[in-house]
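So the protein lines, in turn, are chains A and B.
Going by our numbering, the first residue of the first sequence is number 1, and it counts up by one from there.
Going by our numbering, the first residue of the second sequence is number 1001, and it counts up by one from there.
Just so you know, not all the hints are guaranteed correct.
[What the hints assert, rightly or not] Here are the simulated distance ranges between beta carbons:
{"id": "1", "chain 1": "A", "residue 1": "I38", "chain 2": "B", "residue 2": "P1056", "range": "24 to 34 angstroms"}
{"id": "2", "chain 1": "B", "residue 1": "S1016", "chain 2": "A", "residue 2": "S48", "range": "21 to 31 angstroms"}
{"id": "3", "chain 1": "B", "residue 1": "D1055", "chain 2": "A", "residue 2": "P127", "range": "34 to 44 angstroms"}
{"id": "4", "chain 1": "A", "residue 1": "P44", "chain 2": "B", "residue 2": "S1016", "range": "24 to 34 angstroms"}
{"id": "5", "chain 1": "A", "residue 1": "V36", "chain 2": "B", "residue 2": "D1167", "range": "56 to 66 angstroms"}
{"id": "6", "chain 1": "A", "residue 1": "S48", "chain 2": "B", "residue 2": "A1065", "range": "17 to 27 angstroms"}
{"id": "7", "chain 1": "A", "residue 1": "I38", "chain 2": "B", "residue 2": "A1169", "range": "54 to 64 angstroms"}
{"id": "8", "chain 1": "B", "residue 1": "S1016", "chain 2": "A", "residue 2": "T95", "range": "43 to 53 angstroms"}
{"id": "9", "chain 1": "B", "residue 1": "G1096", "chain 2": "A", "residue 2": "A130", "range": "43 to 53 angstroms"}
[Claimed, not checked] Derived EDC-like pairs: lysine to aspartate or glutamate, alpha-carbon spacing no greater than 20 angstroms straight-line:
{"id": "10", "chain 1": "B", "residue 1": "K1093", "chain 2": "B", "residue 2": "D1064"}
{"id": "11", "chain 1": "B", "residue 1": "K1179", "chain 2": "A", "residue 2": "D51"}
{"id": "12", "chain 1": "A", "residue 1": "K56", "chain 2": "A", "residue 2": "D99"}
{"id": "13", "chain 1": "A", "residue 1": "K56", "chain 2": "B", "residue 2": "D1167"}
To be clear, the hints were calculated from the coordinates, so they are not data collected in a lab.
Source: prediction; values computed, not measured.
Note that the Cβ used here is the ideal one computed from N, Cα and C, for glycine as well.
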Amino acid sequence: MLRATPFLALGTLAIVAGCSDQPALTAPPARPNPIVTIDPPPAPISVSVDDPVPLKGLPGSTYNVASSINDRGDVAGVSSPGGVEHAVLWPAGSTAPIDIGMGRASDINNAGQLAGEFGIHAALWTPNGAGAFTLTLLDAQLPSPNYSQAQAINAAGQVVGSYQVQSKW
Amino acid sequence: MPDLGGTFCVAADINSRGYVVGASTTSAGAQHGFVWSPPSWGQPGNIRDLTPNGDPSYASSINDAGQVAGQHVTPTTASASIWTPMRGDYVVKDLGTFTGLQTWSMGINDAGFVVGYASRESPYQADAFFWQNGEFSLLPGATSIVYATALTGLNGNSVQVVGVSQDAATGAFTVLRWKVTLTQGPVIQ
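Next up, chain B with everything else stripped away, as it sits in the complex:
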């Protein structure tokens, strides 16, 4: 596979159509998220920079609709983000901050739900989150360092999320599994 011109390029995920996402350094040394589309109908495979404006980014996950989850860094923010394919291009949506912290996304499912975490330094703290339709929900854990790493597709009205919590005192990591239930409220007329 081609890269974005730098010396470091890693693939993070592949969807059922063979689209691959990851992160690559550019010739300028910055890290950018990418989407690689496989050869199709005689067209060669193609790699696309998710932040051609030069902002640092990475891509961690892609769903079967081609939506990409990752992180987008601007001069003032570092936010979990979703890139949605639209008319041959990608539209980026920054999810913003949660619990006052910068956010990182780890997984996106076919419904467009995202899981990840919000973090801060000194002392290090991480809060796992589930995001849908513009809203963050906390995924609770027993320690101050909790990450969400992956989620299932929507099954009925629920999804399962997995992640880890770390005990800051002992350093031990424990795997956690959450069930998230979504309930449609009454339609407001």
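For reference, chain A alone in the conformation it holds in the complex:
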């Protein structure tokens, strides 16, 4: 039986009212006036949507997917030249992909770290500041060596995903 369990890993290094003057009264009023406030109706919001901008895939790819976009507008996803899946990054404002390498990117945080999978391994790609990425395999921190994937990464670099546990056949 295959059993999948989420894991939590630290992806960077380790696992993971009001008053008014009142006249003096000799006796309190039998019933105080109720205080009624009416909120103004919310202002309507109109939504307009621009025509979509297509983002290019890697040459020779027919399977291109955007998994995530960070607040800067960087897009992470997958492109499959020749049918082989690669993790890709579309930098903010650009329509051209950057090939991160074989694998899949599932999420990107505002620091530009990508979480995903490399082969059967949950993976983290961290920008090295020189335009390239350092790949870290996260499954070494897991109790089971079977298939794992990273699904999301937060601002602190914490990664979540899933891995398979072969508890019994």
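Add chain B to chain A, keeping to what the hints say.
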């Protein structure tokens, strides 16, 4: 991390406070969305079932306010939904149908805006949507199968949304990026 008692449990998203959402099967075999809260102030981490009444559900995304987006299935509906934390519990809001179809949510941002898609079978069709304050907007695409997968936070008065469209004839997938602009209308007195 613990699960809800079943044999399948996947994490889908994590927010900046370390809260994790996803889906788990229960001991009865049904799929339920969950929120896992991390250990805090000496309290252990805790997993919470988003549909303890037994309705099937999943959670796909969580924002930094702790709002969870996912899907909630009832005997008569299958709707994109938002769970909002309130006094130690969660209040669920079903977003309802769009273009006459059942809806799925894929992402929620800190403003509480949701993106996802509406779908139907035979022939399969999917319409990408942007949702805010009770209102769906269509995210157009060139094909009959379009999904929205993620969105940015509100930047000025706009957000960017990404997704994919699929050509039903060739099966090819193309990535799309939309800019959504929100304009506050005049206050009605």
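Comparing the hints with the structure gives:
no.: 1; hint: A/I38 - B/P1056: 24 to 34 angstroms; result: violated, 41 angstroms
no.: 2; hint: B/S1016 - A/S48: 21 to 31 angstroms; result: holds, 30 angstroms
no.: 3; hint: B/D1055 - A/P127: 34 to 44 angstroms; result: holds, 42 angstroms
no.: 4; hint: A/P44 - B/S1016: 24 to 34 angstroms; result: holds, 31 angstroms
no.: 5; hint: A/V36 - B/D1167: 56 to 66 angstroms; result: holds, 58 angstroms
no.: 6; hint: A/S48 - B/A1065: 17 to 27 angstroms; result: holds, 25 angstroms
no.: 7; hint: A/I38 - B/A1169: 54 to 64 angstroms; result: holds, 56 angstroms
no.: 8; hint: B/S1016 - A/T95: 43 to 53 angstroms; result: violated, 29 angstroms
no.: 9; hint: B/G1096 - A/A130: 43 to 53 angstroms; result: holds, 49 angstroms
no.: 10; hint: B/K1093 - B/D1064; result: holds, 18 angstroms
no.: 11; hint: B/K1179 - A/D51; result: holds, 8 angstroms
no.: 12; hint: A/K56 - A/D99; result: holds, 12 angstroms
no.: 13; hint: A/K56 - B/D1167; result: holds, 15 angstroms
Hint compliance for this structure: hints 1 and 8 are not met, and every other hint is.
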